[in-house]
Amino acid sequence: MNIRRFLSSSITIAEMEARKIRHDSTELWTRIIQPALWLLVFGETLNTIRAMPSGNFSYIQFITPGILAQSVLFISIFYGITVVWEKDVGIFTKLLSTPSPRSSIVLGKSLAAGIRGVFQAIMIFALALIIGVKIRFDPLDIAGVFVVVILFAMCFSSFSMFLASYLKTRDRMMGIGQALTMPLFFASNAIYPIAVMPIWLQYISIANPLSYVVDAIRSMLLSGAYGNLLVDILVLLVATVIFLTLASTTIKKLLE
Amino acid sequence: MNSDSDDPNMPEINAITADRLTKVYRDNIRAVDGISFSVKQGEIFGLLGPNGAGKTTTIKMIITLTKATSGTLHVLGVDVFKSPETVREMLGYVPQSISVDTDLTAYENLLIFSKLSYVDKMERNERIKDALEYMDLSSRAHDIVKRYSGGMMRRLEIAQALVNRPKILLLDEPSIGLDPSSKKQVWKNIKQLNQEFGVTILITTHDMNEADELCNRIAIMSEGKIAILGTPEELKRNVGGDIVTVNLTSVPSIMSLPKEIGRIINRNEKSIQILTTNGEEAIPLMADFFRGHEIRVESISINKANLDDVFMKYAKRRLEDDMYKATRITRRDFVRRAR
Ligand SMILES: Nc1ncnc2c1ncn2[C@@H]1O[C@H](COP(=O)(O)OP(=O)(O)O)[C@@H](O)[C@H]1O
Ligand SMILES: [Mg+2]
Numbered sequence: 001m002n003i004r005r006f007l008s009s010s011i012t013i014a015e016m017e018a019r020k021i022r023h024d025s026t027e028l029w030t031r032i033i034q035p036a037l038w039l040l041v042f043g044e045t046l047n048t049i050r051a052m053p054s055g056n057f058s059y060i061q062f063i064t065p066g067i068l069a070q071s072v073l074f075i076s077i078f079y080g081i082t083v084v085w086e087k088d089v090g091i092f093t094k095l096l097s098t099p100s101p102r103s104s105i106v107l108g109k110s111l112a113a114g115i116r117g118v119f120q121a122i123m124i125f126a127l128a129l130i131i132g133v134k135i136r137f138d139p140l141d142i143a144g145v146f147v148v149v150i151l152f153a154m155c156f157s158s159f160s161m162f163l164a165s166y167l168k169t170r171d172r173m174m175g176i177g178q179a180l181t182m183p184l185f186f187a188s189n190a191i192y193p194i195a196v197m198p199i200w201l202q203y204i205s206i207a208n209p210l211s212y213v214v215d216a217i218r219s220m221l222l223s224g225a226y227g228n229l230l231v232d233i234l235v236l237l238v239a240t241v242i243f244l245t246l247a248s249t250t251i252k253k254l255l256e
Numbered sequence: 001m002n003s004d005s006d007d008p009n010m011p012e013i014n015a016i017t018a019d020r021l022t023k024v025y026r027d028n029i030r031a032v033d034g035i036s037f038s039v040k041q042g043e044i045f046g047l048l049g050p051n052g053a054g055k056t057t058t059i060k061m062i063i064t065l066t067k068a069t070s071g072t073l074h075v076l077g078v079d080v081f082k083s084p085e086t087v088r089e090m091l092g093y094v095p096q097s098i099s100v101d102t103d104l105t106a107y108e109n110l111l112i113f114s115k116l117s118y119v120d121k122m123e124r125n126e127r128i129k130d131a132l133e134y135m136d137l138s139s140r141a142h143d144i145v146k147r148y149s150g151g152m153m154r155r156l157e158i159a160q161a162l163v164n165r166p167k168i169l170l171l172d173e174p175s176i177g178l179d180p181s182s183k184k185q186v187w188k189n190i191k192q193l194n195q196e197f198g199v200t201i202l203i204t205t206h207d208m209n210e211a212d213e214l215c216n217r218i219a220i221m222s223e224g225k226i227a228i229l230g231t232p233e234e235l236k237r238n239v240g241g242d243i244v245t246v247n248l249t250s251v252p253s254i255m256s257l258p259k260e261i262g263r264i265i266n267r268n269e270k271s272i273q274i275l276t277t278n279g280e281e282a283i284p285l286m287a288d289f290f291r292g293h294e295i296r297v298e299s300i301s302i303n304k305a306n307l308d309d310v311f312m313k314y315a316k317r318r319l320e321d322d323m324y325k326a327t328r329i330t331r332r333d334f335v336r337r338a339r
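For the record, the sequence lines run as chains A and B. Heads up, the first sequence is in our numbering, so the first residue is 1 and it goes up one at a time. Heads up, the second sequence is in our numbering, so the first residue is 1 and it goes up one at a time.
Check the hints yourself; a few may be wrong.
Using C-beta positions, here's what the derived DEER-type ranges look like [to be verified]: (1) A/171 with B/20: 37 to 47 Å; (2) B/78 with A/202: 53 to 63 Å; (3) B/216 with A/255: 42 to 52 Å; (4) A/255 with B/124: 21 to 31 Å; (5) A/255 with B/304: 38 to 48 Å.
Source of the hints: derived by calculation from the structure; they are not laboratory data. Beta carbons: idealized from backbone N, C-alpha and C, even for Gly.
Please construct the entire structure, taking both the sequences and the accompanying hints into account.
Structure, rendered in structure tokens:
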């Protein structure tokens, strides 16, 4: 496989998505509603009653990285649905009939999920500014958050495409998406520290990629303590490569 | 009939060669059952057959969307199963149901897919502009395709082939669900692609008129097998030829025709029906013959043998049913996509 062609096709697939978003960005904007509710209602409420041991930070500060990660998770985990939809209307067939390698289609789609993730991050930053959540707006840290968000979106969107290769219908993807997101979210450090969880849940949360993402974002946006950052990113990177590879080899099954 | 002898004057390799190609789906459905055929470079080759005959499955194996169960398949000498990406680079594909991206503009559809097909950057924009003009889509180039009619979407798909310039184009039922005038336009475009750009075309259809109009050679498929293969003329001859009806002032009781004119198959008081291989060529001979025998001819009419007859003879299932069903399915497709 020719690397230059592989990369150029991947970028073209991402460009295709970006152009669609430009024509109709309604979906992008509606995606801000849910995280806004989490921050404004859930965050503000628990902030005032001070029920959660959130360390040196206010509770709303504590969950902002968690809510960001959660909303990126939502975008990515449903990416398989997009692919199934494209199969149903014949676009996917067309994509697979081009000389572009199939792995570039997966990589391209996951990059597109990354673009959506970055947009989501920007909106959550804006929201945080508006409601006065104190986060460190250091340019390098913000750039780091973008990198983590992109990797995370790539990781779970390819996981979702991997599932789509076998599940094949929108309904099933909808079901599995719903069945996965909430457990992943609650079995992570997104809205409470790992320390307060029961032991069994602590183990699960250590195996949960979301925890590493939240940890990485938290260290960049809040504490500036980068002790775990390398491990966090490494775990994420490995998971991303695994899922990208898996999805690349299974995606053609979607047509069968 | 089934064997395609290679012309020694044409040393060229075949565009497509299938040998005992077979596809068995789950539950032992033999969608394609050991077919062998070859498509020559530069021709328009038709796979004709009722729904479920295995046409789409055959095309999907060629474009590497589905794996063959057994047999071999070569595109311009390249093994399809060993080098799928090389093969896809030589092929263009227009699937049975509309496959353009309705959330993009026509221009964007052409741009994205030409990039994915690695069309040279220097030529890309020129070709896109030309293709849009050629297909009469220039004025709507920057409209979202969602707002196009079915005929326009088909034209856009053919425009994609114009931009990507594949050596071989696979067209799966290109005129299904189109109104007669759009259909004519699509036929014209297909012929132009073949004649002006030298694209070899493999087309599937269940419409005999379409096959007759477009194809140099036709294979009639039925239940996964090729029932007969040949030029439209050969196939028609195979069902007997044209029937010429001659109306006379009076029919002589005893009369036999020279062999080169044809054979009388029916006669009544004032007319005779003659079966002949080629009606147009036989008519002058008949006129001369009757004049020679001092018989007055009032009128002559031809009933050309058509592929319908061939189709009925070789394809087992009833056709009208299929056409009706197929059109309805596509309609539903359009409705769904028009949302
Ligand atoms: N993905 C599939 N799984 C199982 N059977 C299939 C599949 N695709 C097609 N078939 C079956 O294979 C046969 C040939 O189908 P197809 O190639 O679509 O025919 P055509 O294009 O000539 O209408 C049909 O009996 C059809 O039901
Ligand atoms: Mg078909």
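**Message:** Given the hint of 21 to 31 Å, is the C-beta distance from residue 255 of chain A to residue 124 of chain B inside that range or not?
**Reply:** holds, 28 Å
**Request:** Could you say whether the range 37 to 47 Å given as a hint is met by the Cβ separation of residue 171 of chain A and residue 20 of chain B?
**Result:** holds, 40 Å
**Prompt:** How does the Cβ-Cβ distance of residue 78 of chain B and residue 202 of chain A compare with 53 to 63 Å: does it lie in that range?
**Reply:** holds, 56 Å
**Message:** Against the range 42 to 52 Å, how does the distance between the Cβ atoms of residue 216 of chain B and residue 255 of chain A compare: consistent or not?
**Reply:** Given a distance of about 31 Å, which is not inside 42 to 52 Å, the answer is violated.
**Message:** Within 38 to 48 Å: is that where the Cβ-Cβ distance between residue 255 of chain A and residue 304 of chain B falls?
**Reply:** holds, 42 Å
Consistency with the previously given hints fails for number 3 only.
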